[in-house]
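What follows is each chain in one-letter form.
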Amino acid sequence: MSENMNLTLKVWRQKNAEAKGQMVTYSAKNISPDMSFLEMLDVVNEGLIKKYEDPIHFDHDCREGICGSCSLHINGRPHGPKHATTSCQLHMRSFKDGETIVIEPWRAAAFPVIKDLSTNRQAFDRIQQAGGFISVNTGGVPDANEIPIPKVIADEAFNSATCIQCGACVAACKNASAMLFVSAKVSQLALLPQGQPERYRRVQAMVAQMDAEGFGHCTNTGACEAECPKEISISNIARMNRDYFTARLIKDEV
Amino acid sequence: MMLDSKIPDGPLAEKWSKHKFNLKLVNPSNKRKYTVIVVGTGLAGSSAAASLAELGYNVKSFCFQDSPRRAHSIAAQGGINAAKNYQNDGDSVFRLFYDTVKGGDYRAREANVYRLADVSVNIIDQCVAQGVPFAREYGGLLDNRSFGGAQVSRTFYARGQTGQQLLLGAYSAQSRQIKLGKIEQYSRHEMMDVVTVDGQAKGIITRDLITGEIESHAAHAVLLCTGGYGNVFYLSTNAMGCNVTATWKAHKRGAYFGNPCFTQIHPTCIPVSGEHQSKLTLMSESLRNDGRVWAPKTKEIAEKLRKSEIKVTDLKEEDRDYFLERKYPAFGNLVPRDVASRNAKEIVDEGRGVGKSGIAVYLDFAESISRLGEDSVRAKYGNLFDMYYQITDENPYQQPMRIYPAVHYTMGGLWVDYNLQTTVPGLYCLGEANFSDHGANRLGASALMQGLADGYFVIPYTIGDYLATIGPAAVDTSHPAFAETKKHVEERIQKLLSLKGTRTVDEFHRDLGLIMWEYCGMARSEEGLIKAKGLIQELRASFWKDAIVPGTNEEVNTSLEKAGRVADFLELGELMVDDALDRRESCGGHFRLESQTEEGEALRDDENYAYVAAWEYKADNSPEELHKEELVYENVKLSQRSYK
Amino acid sequence: MSKFAQTFSSSLGKKLIMSLTGLFLCTFLIVHLIGNLQLFKDDQGQAFNAYSYFMTHFPPIKVISYLLYASIIVHSVYALVLTRNKNKARPVGYASYDGKANSPWSSRNMGILGTIILVFLVVHMSNFWARYHWGELPTARYEVSLTNPNDVKITPIPFNGQEIAHADYVDAPAGVQVLIAKDLYKIVYESFKQWWYVLLYVIAMSALSFHLIHGFRSAFQTLGWNNSKYVPAIRFLGEWVFGVLIPLGFAAMPLYIYFFK
Chain X
1 MSENMNLTLK VWRQKNAEAK GQMVTYSAKN ISPDMSFLEM LDVVNEGLIK KYEDPIHFDH
61 DCREGICGSC SLHINGRPHG PKHATTSCQL HMRSFKDGET IVIEPWRAAA FPVIKDLSTN
121 RQAFDRIQQA GGFISVNTGG VPDANEIPIP KVIADEAFNS ATCIQCGACV AACKNASAML
181 FVSAKVSQLA LLPQGQPERY RRVQAMVAQM DAEGFGHCTN TGACEAECPK EISISNIARM
241 NRDYFTARLI KDEV
Chain H
1 MMLDSKIPDG PLAEKWSKHK FNLKLVNPSN KRKYTVIVVG TGLAGSSAAA SLAELGYNVK
61 SFCFQDSPRR AHSIAAQGGI NAAKNYQNDG DSVFRLFYDT VKGGDYRARE ANVYRLADVS
121 VNIIDQCVAQ GVPFAREYGG LLDNRSFGGA QVSRTFYARG QTGQQLLLGA YSAQSRQIKL
181 GKIEQYSRHE MMDVVTVDGQ AKGIITRDLI TGEIESHAAH AVLLCTGGYG NVFYLSTNAM
241 GCNVTATWKA HKRGAYFGNP CFTQIHPTCI PVSGEHQSKL TLMSESLRND GRVWAPKTKE
301 IAEKLRKSEI KVTDLKEEDR DYFLERKYPA FGNLVPRDVA SRNAKEIVDE GRGVGKSGIA
361 VYLDFAESIS RLGEDSVRAK YGNLFDMYYQ ITDENPYQQP MRIYPAVHYT MGGLWVDYNL
421 QTTVPGLYCL GEANFSDHGA NRLGASALMQ GLADGYFVIP YTIGDYLATI GPAAVDTSHP
481 AFAETKKHVE ERIQKLLSLK GTRTVDEFHR DLGLIMWEYC GMARSEEGLI KAKGLIQELR
541 ASFWKDAIVP GTNEEVNTSL EKAGRVADFL ELGELMVDDA LDRRESCGGH FRLESQTEEG
601 EALRDDENYA YVAAWEYKAD NSPEELHKEE LVYENVKLSQ RSYK
Chain C
1 MSKFAQTFSS SLGKKLIMSL TGLFLCTFLI VHLIGNLQLF KDDQGQAFNA YSYFMTHFPP
61 IKVISYLLYA SIIVHSVYAL VLTRNKNKAR PVGYASYDGK ANSPWSSRNM GILGTIILVF
121 LVVHMSNFWA RYHWGELPTA RYEVSLTNPN DVKITPIPFN GQEIAHADYV DAPAGVQVLI
181 AKDLYKIVYE SFKQWWYVLL YVIAMSALSF HLIHGFRSAF QTLGWNNSKY VPAIRFLGEW
241 VFGVLIPLGF AAMPLYIYFF K
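Chains X, H and C are the protein sequences, given in the same order. Just so it is clear: in the first sequence, position 119 is 119 by the numbering used here, and no numbers are missing. Just so it is clear: in the second sequence, position 204 is 204 by the numbering used here, and no numbers are missing. Just so it is clear: in the third sequence, position 168 is 168 by the numbering used here, and no numbers are missing.
Worth flagging that the hints you see were computed from the coordinates, not collected in a lab. Any given hint could be a false lead.
With a straight-line Cα cutoff of 20 angstroms, these simulated PhoX-like cross-link-like pairs (lysine-lysine) come out [as the list claims (entries may be wrong)]:
1. X:LYS20 / C:LYS88
2. H:LYS327 / H:LYS297
3. H:LYS545 / X:LYS50
4. X:LYS151 / H:LYS380
5. C:LYS88 / X:LYS82
Covered by chain X, according to a simulated footprint, are these stretches of chain C (three or more residues, beta-carbon under 8 angstroms) [claimed, not checked]:
6. 9 to 15
7. 93 to 99
8. 105 to 117
9. 223 to 235
In this text, all values refer to a predicted model and were calculated from it rather than measured experimentally. For each residue, glycine too, the CB sits at the ideal point set by N, CA and C.
Using the sequences and the accompanying hints, generate a full structural model.
Below, the structure is given as structure tokens:
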């Protein structure tokens, strides 16, 4: 076990959506390398509260890398320096004593800042509402084993379905594009037989909503894939494009 | 008030279908005249919201997270049980029912559990139709695994994230209804209180977590699907935001609280690494299939290990105590969760714990690695080993893992009848938030099943009966009860904001957690519980004097949010202790030191304690009244567990 | 808006246009390179000038060339539109942004690379293409011996304010093949003898290299042609043929003339 560390934090502070924000410097003292990044922020916040100051606000909940709440842009990268890791699963041993750490919120017009490091990601919910579902009501569905699905297809659909909707793809993309998220959602259902009846309707609706939310376009830099904590592949984007162009340019609508 | 569980008459297997027939129906064209509030968007909440909206009701759905898809159901790893018998290994609805009642140590209602097992098969159908990517065989059919020591393979799973996939299914159904305008979604809203009019639930008061606005929402019925209260222990595997506020406020408005002391402790969690620890991480208990649990034989050796004077891998066989294998030769490392947990605690209490803190025991894979090879161990547990490595920076392929039990689930919750209605008419409680199906201990892969059963297949039927009775007259927030409750909420917020003491809310929460863990955790005694009661009362008094709650209400204020939740935990903690004191028997996760067999095993007292303890709130700082719902077992024979 | 227009105004539609025009320009590069290989011929520009005439006067090629000009314009305009969208999608930037950690430099700088190429194209086309079409160009008369193709006699005819008709015929009595053509070769030769012009070419071709390393593969990704079976082939083509071979071929021409002629 290495020794405890002292760090300098440069944190984006912004009182609310309307206020002008700025970077503020804090020092984080006596930080154990065993702490998670969010626990380090907890320690800083405890210190601020004791001084009756406003603690740094950030989104977090499960702290085990699955809920997708945490969303910190750390030293220029979404979720920090470690591959396939959410902010909450990043540990302080990834940093060195004396280091300066820059912490910012996700930056995108479609993700307006709520306060400090927390942003409003409901654009993702609205994209889902536009078509990210299979229209079946509760009850009246066939037996689960009446729809055989090849294992490779089921596995591939699962890979797309592991998206935790954190928004790191948008944060990483130089164009603030949401294509990785949207394509993962489109792909999951486009791959499965249950999703076929609405396949082409879905992709058009979700892309239209994505554009309406003001996300940027995709220039295939691959940054989203590299930063995705769940390692979602950009082959999903190709799959979505294929379906979208098929729907818009080839398929005859009945 | 007499408790009426409304369990239908007749043979066990026919109760639910008979009951469904007897329930009143709401005319399809009248359904749109009703509004139902659903608080919480986990498996129970989102499945209920979607299903009710599909039926035609207007639904208002609330969650404190920024999106309904982030509720903590998402974190469930293992799987979901269903009595499909796809594996032809002798499973049936009755066997799932039987296992669940037995696993719950005979403290659950037969009728509820049977219904749960009965609808379990529909859940899988529903989820597959929604596009949940369950694991499959090469033939294209669904794969199953055996889970938590079950004798049959009935667990459906989606790699290590079944909870997330099931929740995404329910969330997608909910999203569809939001788009159709049948569900109004309120994210980043916290429920602050229930509004009752003439004893019936008619709405809720919420706080907008961004603007701080206190809002009133009226409805014909209110569903609480707000999860468990494991965070009363501060450290648990629950998410940071999990809290008891919704159910606790309901409790204070007349809903009885059932079996509050029944909590489940999971044996294989990653141990606490220091005071900074904010939450605990669970590792699947499948690890015990191949790992051997041990501790140093003596205190002296443990001491040397803690100070890193010797290395664990250098320790000789004769200096190791494989205590589970020694004490339970028949089951060895695979004893149930509560037994494994309790034994680890005993070791640590004896001073034989390991790790820097001394609060852990070893889970060793050295033998499996030499027997099966590292690759085969990696294939089975690779993701868990990686997770452990990432969190602890210790390589479990080279040295034993350190594990320690952690609070994981609460079987207790609001008391509900067979219709999932609490003792307040119009107020329902679903999922982990209610007490109903798991008795004193929950089986693995059953939590997801219960949440979805309640939401998809129980509440859509039972709520109609109540709604048909009260009629579709419009509801609004004009009744003075709304203004009164809102004022009450605002006063409490102002009271919290006036706290300008010296200690942070987290410090109080941590203290409460330590008390609960020490005295109302894995082993409980009369003496300890009495002491805990006093400590909690002192802590609560100190909180209301010495806590710091900075900021104002009209902004994002997490300190204020936490303060409200911790204040409620400080009240709930005492009720848990009272409940544990009342139950002078050991059952499931509740182990009373006074009630054990000669071998130190849990000893049930069916003659005196085969009841559900339903507590009625009376007034602040005064004892609650205990009501007992006797449990009747007509279909299973009560027996004592033994793992020797 | 018609459904068609809607499609192309969506973010995916705009990218579809980028990818289609880009791929079309890629195919042009192959043709252009092969044709320009005539520059390496040691025939005092005879083949090159004949080729230039063919390219500007053969009707199908003329049609394609208009498509080509349109592609260049559309590709550039849409690039501008997309860049504007990008700035709108992230109005507040990061104080710290570590792009190199997650994506190749070329992928992040297509705009800059494209601008360099565009500037180059303007210089390149005004110098050669525009001059060829409308400018004052000398003419050359080639007489190639019918018996010995290596025996070439060239007579430069300086520009005298009047265009000289193109001719290509066999003068049987003289035993020669006569070609009278605009002497673009001379212009090229003179240009490539200037160091700054050579430098501009080398810089532009490096930019082209990086632009294509990303662009070629990216176009297929946008079109949705991402199949594990042929992705490696696309990658290879993009990196080695379009990223290295073609820009190298183009850059070799000015270098060859500057240093070896």
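Tested hints:
1. At roughly 18 angstroms between alpha-carbon atoms, X:LYS20 and C:LYS88 fall within 20 angstroms of each other, so this suggested pair holds.
2. In summary, the hint linking H:LYS327 to H:LYS297 is supported, as the alpha carbons are separated by about 14 angstroms, within the 20 angstroms threshold.
3. Restraint check for H:LYS545 and X:LYS50: satisfied, since their Cα atoms lie roughly 15 angstroms apart, inside the 20 angstroms limit.
4. Among the hinted pairs, X:LYS151 with H:LYS380 is consistent with the structure: their alpha-carbon atoms are about 19 angstroms apart, no more than 20 angstroms.
5. Among the hinted pairs, C:LYS88 with X:LYS82 is inconsistent with the structure: their alpha-carbon atoms are about 29 angstroms apart, more than 20 angstroms.
6. Figure legend: the segment 9 to 15 of chain C, annotated as covered by chain X; annotation consistent (6 residues with Cβ-Cβ distances under 8 angstroms, at least 3 required).
7. For the segment 93 to 99 of chain C, the stated coverage by chain X is satisfied: 7 residues place a CB nearer than 8 angstroms to a CB of that chain, which reaches the threshold of 3.
8. Remark: the segment 105 to 117 of chain C is confirmed as covered by chain X, as 3 of its residues place a Cβ nearer than 8 angstroms to a Cβ of that chain, reaching the required three.
9. Coverage of a stretch by a chain is defined here by at least three residues with a beta carbon nearer than 8 angstroms to that chain's beta carbons; for the segment 223 to 235 of chain C and chain X the count is 5, and the condition holds.
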